[in-house]
Every structure is written in C-alpha cells, then in structure tokens.
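Undergrad: These protein sequences, in sequence, are chains A and B.
Numbering of the first sequence is given in our numbering, commencing with residue 9 and proceeding in unit increments.
Numbering of the second sequence is given in our numbering, commencing with residue 3 and proceeding in unit increments.
No wet-lab data here; the hints were simulated from the structure.
A couple of the hints might just be wrong.
[Unchecked claim] Here chain B is said to cover these stretches of chain A; the calculated rule only asks that three of the stretch's residues, wherever they fall, bring their Cβ under 8 Å from a Cβ of chain B:
| id | stretch |
| --- | --- |
| 1 | 170–180 |
| 2 | 185–194 |
[To be verified] Keeping only pairs whose Cα atoms sit at most 30 Å apart, straight-line, the calculated DSBU-like set for lysine-lysine is:
| id | chain 1 | residue 1 | chain 2 | residue 2 |
| --- | --- | --- | --- | --- |
| 3 | A | 232 | B | 52 |
| 4 | A | 206 | B | 141 |
| 5 | B | 141 | B | 52 |
| 6 | B | 141 | B | 108 |
| 7 | B | 141 | A | 256 |
| 8 | A | 256 | A | 115 |
| 9 | A | 108 | A | 232 |
| 10 | B | 52 | B | 150 |
[As the list claims (entries may be wrong)] Some chain B residues well away from chain A (every beta-carbon gap over 12 Å; in silico):
| id | residue |
| --- | --- |
| 11 | 49 |
| 12 | 195 |
| 13 | 230 |
| 14 | 245 |
| 15 | 251 |
| 16 | 302 |
Even glycine gets a Cβ: it sits at the ideal position worked out from N, Cα and C.
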Amino acid sequence: MADAKVIPFGEEPRARRKARRTGRTGRGTALAPVPEARSGPRPVPAPQPAGGRTLDERIAGGLAFLRRRITGDYEVDDFGYDRELTDQVLMSLLRPLYEKYFRVEVKGVANIPAEGGALIVANHSGTLPLDGLMLQVAVHDHHPAQRHLRLLAADLVFVLPVMNELARKAGHTLACAEDAQRLLERGEIVGVMPEGFKGIGKPFADRYKLQRFGRGGFVSTALKAGVPIVPCSIVGAEEIYPMIGNAKTLARVLGLPYFPVTPTFPWLGPLGAVPLPTKWTIQFGEPIPTDGYPAEAADDPMLMFNLTDQVRETIQHTLYKLLVQRRSVFF
Amino acid sequence: MGNVVLVTGVARQLGGRFVRRIQRDPDVDRVIGVDAVAPEHHLGDAEFLKADIRHPAIARVLAETGVDTVVHMDINGTPLHSRGGRASVKETNVIGTMQLLGACQKAPAVQRVVIKSSTSVYGSAPRDPAVFTENTPPKSLPSGGFAKDTVEVEGYVRGFARRRPDVAVCVLRFANILGPSADSPLAEYFALPVLPTVLGYDPRLQFVHEDDAIEVLRIAASEPRRGTLNSGTFNIAGDGVLLLSQVSRRLGRPTLPLFLPTVTWAGTVLRSLGITDFSPEQIRMLTHGRVVETTQMRETLGFHPAYTTAETFAEFARGRGPGLLPPASLARTVDRLAGVLPARRGPSQ
Numbered sequence: 009m010a011d012a013k014v015i016p017f018g019e020e021p022r023a024r025r026k027a028r029r030t031g032r033t034g035r036g037t038a039l040a041p042v043p044e045a046r047s048g049p050r051p052v053p054a055p056q057p058a059g060g061r062t063l064d065e066r067i068a069g070g071l072a073f074l075r076r077r078i079t080g081d082y083e084v085d086d087f088g089y090d091r092e093l094t095d096q097v098l099m100s101l102l103r104p105l106y107e108k109y110f111r112v113e114v115k116g117v118a119n120i121p122a123e124g125g126a127l128i129v130a131n132h133s134g135t136l137p138l139d140g141l142m143l144q145v146a147v148h149d150h151h152p153a154q155r156h157l158r159l160l161a162a163d164l165v166f167v168l169p170v171m172n173e174l175a176r177k178a179g180h181t182l183a184c185a186e187d188a189q190r191l192l193e194r195g196e197i198v199g200v201m202p203e204g205f206k207g208i209g210k211p212f213a214d215r216y217k218l219q220r221f222g223r224g225g226f227v228s229t230a231l232k233a234g235v236p237i238v239p240c241s242i243v244g245a246e247e248i249y250p251m252i253g254n255a256k257t258l259a260r261v262l263g264l265p266y267f268p269v270t271p272t273f274p275w276l277g278p279l280g281a282v283p284l285p286t287k288w289t290i291q292f293g294e295p296i297p298t299d300g301y302p303a304e305a306a307d308d309p310m311l312m313f314n315l316t317d318q319v320r321e322t323i324q325h326t327l328y329k330l331l332v333q334r335r336s337v338f339f
Numbered sequence: 003m004g005n006v007v008l009v010t011g012v013a014r015q016l017g018g019r020f021v022r023r024i025q026r027d028p029d030v031d032r033v034i035g036v037d038a039v040a041p042e043h044h045l046g047d048a049e050f051l052k053a054d055i056r057h058p059a060i061a062r063v064l065a066e067t068g069v070d071t072v073v074h075m076d077i078n079g080t081p082l083h084s085r086g087g088r089a090s091v092k093e094t095n096v097i098g099t100m101q102l103l104g105a106c107q108k109a110p111a112v113q114r115v116v117i118k119s120s121t122s123v124y125g126s127a128p129r130d131p132a133v134f135t136e137n138t139p140p141k142s143l144p145s146g147g148f149a150k151d152t153v154e155v156e157g158y159v160r161g162f163a164r165r166r167p168d169v170a171v172c173v174l175r176f177a178n179i180l181g182p183s184a185d186s187p188l189a190e191y192f193a194l195p196v197l198p199t200v201l202g203y204d205p206r207l208q209f210v211h212e213d214d215a216i217e218v219l220r221i222a223a224s225e226p227r228r229g230t231l232n233s234g235t236f237n238i239a240g241d242g243v244l245l246l247s248q249v250s251r252r253l254g255r256p257t258l259p260l261f262l263p264t265v266t267w268a269g270t271v272l273r274s275l276g277i278t279d280f281s282p283e284q285i286r287m288l289t290h291g292r293v294v295e296t297t298q299m300r301e302t303l304g305f306h307p308a309y310t311t312a313e314t315f316a317e318f319a320r321g322r323g324p325g326l327l328p329p330a331s332l333a334r335t336v337d338r339l340a341g342v343l344p345a346r347r348g349p350s351q
C-alpha cells in the first residue's frame with residue numbers, strides 16, 4: 009500500500025470491509041478476465057477504424073469536417089456541448105496523455121449502464137483536474153456503447169476565460185443540482201467529484217484519503233432522477249503533482265482556492281507544470297440503485313447521509329484495494 | 003363579447019406588426035395603439051392614440067375606451083431614434099409600467115394584461131445554472147440597464163397581480179427577438195462587418211423569430227384554449243442553441259476576439275460618444291450567454307414556435323447581405339480543394 013495512511017471507518021463498516029477483503033482474494037482471479045473483456049470491444053471505437061482507413065478517406069473526412077466547422081454547420085446542445093468537436097478534436101488531444109503518458113487501466117466499465125442516466129461519483133485529486141478528463145476519455149473509449157460522460161465542474165472553471173469555453177464544448181457544466189438533474193433526466197451519464205477543491209487541493213501527505221463528500225447533494229439528485237450511482241476510484245492522479253505546500257496568501261490574491269507548491273512548481277516555471285508520468289487505474293464499482301426509494305426519500309437527510317457514506321466507503325475501500333495491487337507509482 | 007385591446011409601444015416594428023395581426027382576429031372588435039410618438043408604419047384599422055404612458059392620462063384612455071385586454075409592449079432596451087437617451091427609456095420602462103398598471107387597477111373592465119418582458123431578468127453570470135427555468139433565482143441580480151428595468155417591471159406586475167386577482171396576468175420573457183425587420187441592438191451588432199467578441203468565451207444564444215413572438219403574444223392576449231393556461235410567467239425561445247462562434251460563421255462575418263476589460267472599456271467609450279447603445283448587460287450576455295427552458299411555454303401555454311433558434315437565425319442571415327467570409331463560398335473553396343486532391347477523385351465518384 010506504499011505509504012498512504014489508512015483511516016478506519018468505525019465498527020460496522022470494518023466488519024463489512026473484512027468480508028469484502030476476503031471477497032477480494034476470491035475476486036483476484038475474477039478480476040483477471042476483465043482486461044480480456046475490454047480488449048473484446050476494442051476494435052469498435054473510432055480510433056481503430058480510423059487507423060485502418062485509407063489516406064484518401066481520411067483526407068475526405070477531414071475536409072468534410074473542416075467544411076462543417078468553417079460554415080458553422082454543426083449542433084450544440086443546451087449546455088453548449090459540441091459533440092463533434094469533442095469526439096474529433098478534444099478526445100484526440102487527450103488520448104495520447106491517456107494512453108501513452110498515464111497508461112490508464114480501466115476496470116469494471118460494464119458497471120456503467122449501456123443506456124439511460126447514471127451518476128458516476130469519483131474521488132478527486134491531482135492539483136489540476138486531469139482526473140476528470142481522463143475519466144471522460146475512459147468512459148468514451150472503453151464503454152461498448154461509447155457513452156459520453158458529462159462532468160460537473162466547479163464554478164471557477166466557468167469564470168476563467170478559454171477554460172469555460174473548452175469545458176462547455178467538452179460537455180461539462182456547472183456543478184449544481186439543476187444542471188445535474190436536467191442531464192440525468194435526459195439519460196446522460198453524469199460524472200461528479202463531490203470532494204471538490206478539498207479533494208483536488210489536498211496536501212500530498214493526505215493522498216488517497218477521501219475528504220468530506222460535500223453535503224451529499226449528488227445523492228438526492230440521483231434519487232430524484234431515479235438513476236443508479238456508480239462509484240469510481242481513480243488511482244495514480246494523486247502523484248502527478250505532489251503538492252507539498254500551499255501558498256495561501258498568493259492564492260487569495262489571485263482568487264484561487266489554493267496555490268500549489270510542488271517539488272518542481274513554481275521553481276522550474278512552466279516546466280514544473282508537467283505532470284509526473286504515473287500509472288493510473290480507474291475502477292468503476294457496482295452501481296448502487298436508487299429507484300427503489302419513494303419520491304419523498306430525497307428529503308430524508310438520514311437516508312442521504314447513509315447513502316453518501318455508502319458511496320464514500322465503497323470508493324475508499326476500492327482505493328485501498330487498488331493501492332495494494334499497485335506495484336509502483338510509475339509502472 | 004366586445005374585445006377591446008390596447009397595445010402600447012406601437013411605434014416600434016414589433017408593436018406595429020402585432021396591432022396589424024390582431025385586427026384580423028374575429029374576437030377582437032377594436033384595437034387601440036398607444037405610443038408617445040406617431041408610428042412611421044401604418045396600423046391598419048387600429049386607432050392610434052398619441053399618449054405617453056408615463057403620464058396619468060393613460061388612466062383616462064382606459065376608462066373612456068372600456069379596454070379589456072392590455073398588451074404592454076413598451077418595454078425596450080434602446081430608445082426609438084428621436085426619443086432620447088437611456089434615461090427616458092428607463093422612465094418609459096419603469097414609470098410607464100407603474101402608471102399603466104395603476105390605470106389598469108382602477109379600470110374594472112380590464113380582464114387580461116400581457117407584459118412583454120425579456121430573459122434578461124435572469125442576468126448572465128458564470129455561476130448560474132446552464133439553463134434557466136421560470137423560477138430559477140438569478141445568482142447575481144442585474145445591476146443596471148435594461149435587465150434591471152425588466153426585473154423592476156416584473157416586480158410591479160407581481161404586485162398588480164396580487165391586488166387584482168381577477169385579472170389574468172401573463173408575463174412573456176422573450177429571448178433575443180430576431181427577424182427580417184428586427185431593430186434590436188443585437189441585430190445591429192450582427193450587422194457589423196467584423197464581430198468583436200470576448201476572448202476565451204463562446205456564449206450560448208437563443209433566438210425567437212418575430213413571427214413566433216407575434217403569435218405567442220396573440221395567444222397570451224386571447225382566451226386560453228382548452229387544456230392550456232395563459233396566465234403566469236413563461237420563457238419564450240426557439241428550440242436549440244447557437245454559439246456566438248457558430249453564429250458568426252453562419253453569418254459569414256469574422257470575429258475579432260478582444261480581452262474582456264478592453265471590450266467593457268470600448269463599450270463605455272462608444273456609449274458616451276453616442277455611437278452605439280451597446281449596454282454592459284448586453285456585453286455580459288455576449289460573454290456568458292443565456293439559455294432558458296421552454297417546457298412551460300409548450301405544455302402550459304400550449305405554444306409551439308414555428309422556428310427553431312437555428313432557423314430563426316438562418317432567416318435573419320438571409321435578410322442581411324453576405325459578410326466578408328460567406329459560408330457558401332468557404333464551402334465551395336473546401337469542395338474545390340477536395341476536388342483538386344488527386345487521391346480524392348477516385349473514391350468520390
């Protein structure tokens with residue numbers, strides 16, 4: 009488990025964890041076929057046929073794309089999501105980072121429903137929200153139905169120029185109950201990182217220690233929309249920018265939630281902003297159904313807290329499991 | 003039943019068109035157009051009364067003519083050519099509405115009041131939800147300009163609705179109205195040869211076609227059809243969304259991205275020189291964009307716009323001359339390029 013601190017979660021869950029741990033040893037072999045299953049649908053995604061296409065076809069496709077773009081003949085949805093641009097350009101830009109740099113390994117992608125809405129709840133880390141982007145690529149490239157993840161982003165993203173434009177075009181929207189519910193009711197896969205800035209801006213010493221999950225608003229949104237919650241654990245993002253300090257005064261002056269100080273940033277200038285090439289694992293857990301609850305359940309705070317804890321513990325335990333399995337941070 | 007309709011703001015294109023349209027309604031017996039200046043366009047058989055709604059004289063008009071439906075369209079962002087600056091527009095918007103509603107309150111014959119409001123009541127801020135519903139509270143209330151006027155106007159309308167519960171009050175919040183004859187500041191903006199935009203922002207815009215605006219005003223001003231309700235507040239917008247970048251490409255006008263402080267500063271200078279009426283809240287709208295939900299419009303009001311946002315814009319763009327980079331010739335260039343490439347010739351045919 010490297011040197012990450014393990015924090016116990018009280019009595020009852022510990023028993024459950026023990027049961028799960030024994031289950032894990034049994035599942036060690038059960039997990040093995042998953043990469044095989046993943047390589048099955050691999051030829052389906054676009055990049056594979058793109059590589060197989062002749063040069064002529066690719067030029068023709070590129071020109072058709074250019075023609076649509078320069079004449080404005082494409083569509084965006086109410087949130088400003090530009091599907092064509094995301095598929096053809098933004099995803100292609102992120103894919104080298106995803107495949108070659110972080111070498112992301114995806115497990116349990118079948119836990120994301122092939123159709124209908126679902127709320128993916130993931131841990132958040134890494135100083136810069138690269139984990140969200142990698143999660144988006146993972147869902148898009150590995151899911152057999154090529155589903156598009158719609159991420160909920162912090163309001164800071166929509167205040168910053170350029171960032172807000174790209175975020176909207178990539179299908180992200182503001183993390184608020186209204187937007188999340190609208191997307192879920194339309195049957196979209198919504199990704200949320202309830203830890204927010206507390207998770208992404210935590211010091212390196214606290215890595216893989218889940219922070220408070222907001223006020224649990226994501227649970228009531230999922231409940232109202234009646235969609236399953238898919239817990240998701242991301243390992244590897246914590247070490248891309250080891251945040252050893254936080255220049256709080258500077259952050260306040262710049263209006264940022266934190267100003268990271270890493271062994272390389274800001275000392276090496278822009279070179280310090282290059283993330284460390286860690287090896288990532290993204291595991292999607294078993295979906296937690298929410299459609300069995302009555303309509304008024306979303307107003308029951310106890311139920312909300314319980315469900316929030318359940319999701320949080322699932323993610324935390326999966327993180328520990330993945331950390332145990334991990335051979336090294338970089339390989 | 004004798005249906006007497008009073009329409010304010012008929013000197014504007016939209017008001018004039020609305021007056022001409024409702025005369026053809028079989029239920030309407032008499033149409034009275036009111037404005038402070040005489041309209042340049044004809045109003046058909048409608049009577050025109052030159053009256054300023056900012057003055058209490060409007061109460062006498064209501065009492066003498068026995069008006070039962072009031073369509074208040076004199077809520078505008080910019081002055082009508084001769085009518086002076088922003089101060090008088092604000093006065094017409096706010097004081098005019100107060101006077102008109104006060105007059106309506108004193109007129110027992112009034113049964114229906116329709117207000118032409120705007121989606122600017124929601125403001126435009128990065129911290130707002132992506133799509134506004136009728137009851138989304140704005141995160142930051144508009145601080146001034148037309149947007150603040152509409153917020154205040156709607157406040158007075160709510161007060162009126164409380165005091166006269168027997169009157170059906172309908173507030174229509176229109177997205178940007180575009181059409182062949184639209185004379186809005188946004189239409190002026192789209193007429194520029196090069197569109198200045200804010201660097202790093204690509205706002206989402208929604209449009210309503212003029213014809214749809216007239217039609218929905220007519221629905222709101224007449225008896226509700228079966229299964230629909232035409233009192234309350236409704237967002238009115240065409241389906242779908244266009245980005246400003248898309249709009250500029252479809253219009254064939256290049257954009258000139260500028261830093262936000264530059265845009266704000268240039269807007270202030272141009273405004274104080276009297277060259278343009280481009281207000282800060284319009285700059286905000288063209289920075290952060292605004293999208294509203296129209297489920298209520300469809301399901302409760304029972305109105306289905308004939309034009310989507312994209313169709314409205316296409317119609318508008320057709321009425322304007324081609325820009326510096328017409329999309330048709332750009333497309334032709336790409337096609338020619340595709341034809342020139344020798345490799346392309348084989349598989350294409």
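Undergrad: Just want to verify: residue 302(B) was marked as not at the interface with chain A; is every Cβ pair farther apart than 12 Å?
TA: Check passes; 18 Å lies beyond 12 Å.
Undergrad: Assess, step by step, whether the Cα of residue 232(A) is no farther than 30 Å from the Cα of residue 52(B), and give holds or violated.
TA: 54 Å, violated
Undergrad: Far enough from chain A: is every CB of that chain over 12 Å from the CB of residue 230(B)?
TA: Its Cβ never comes within 12 Å of chain A, the nearest being 23 Å, so this holds.
Undergrad: Would you mind confirming whether the straight-line C-alpha gap from residue 141(B) to residue 108(B) stays at or under 30 Å?
TA: Cα-Cα ~36 Å, so violated.
Undergrad: For the stretch 185–194 of chain A, do at least 3 residues have a Cβ located nearer than 8 Å to some Cβ of chain B?
TA: holds (count 3)
Undergrad: In terms of Cβ atoms, is chain A entirely out of 12 Å range of residue 195(B)?
TA: 17 Å, holds
Undergrad: Residue count check for the stretch 170–180 of chain A against chain B: does it reach three with CB-CB under 8 Å?
TA: holds (count 6)
Undergrad: Taking 30 Å as the top limit, are the C-alpha atoms of residue 52(B) and residue 150(B) close enough?
TA: It holds: about 27 Å lies between the C-alpha atoms, which stays within 30 Å.
Undergrad: Would the pair residue 141(B) and residue 256(A) pass a check requiring their Cα atoms to be no farther apart than 30 Å?
TA: 27 Å, holds
Undergrad: Was residue 245(B) rightly flagged as not at the interface, with every chain A Cβ beyond 12 Å?
TA: 6 Å, violated
Undergrad: Given the hint that residue 206(A) pairs with residue 141(B), does the C-alpha gap stay at or below 30 Å?
TA: 23 Å, holds
Undergrad: Beyond 12 Å from every chain A Cβ: check whether that's true for residue 251(B).
TA: At about 3 Å from chain A, residue 251(B) fails to clear the 12 Å cut-off, so the statement is violated.
Going down the numbered hints, you'll see the structure goes against 3, 5, 6, 8, 9, 14 and 15, while the others check out.
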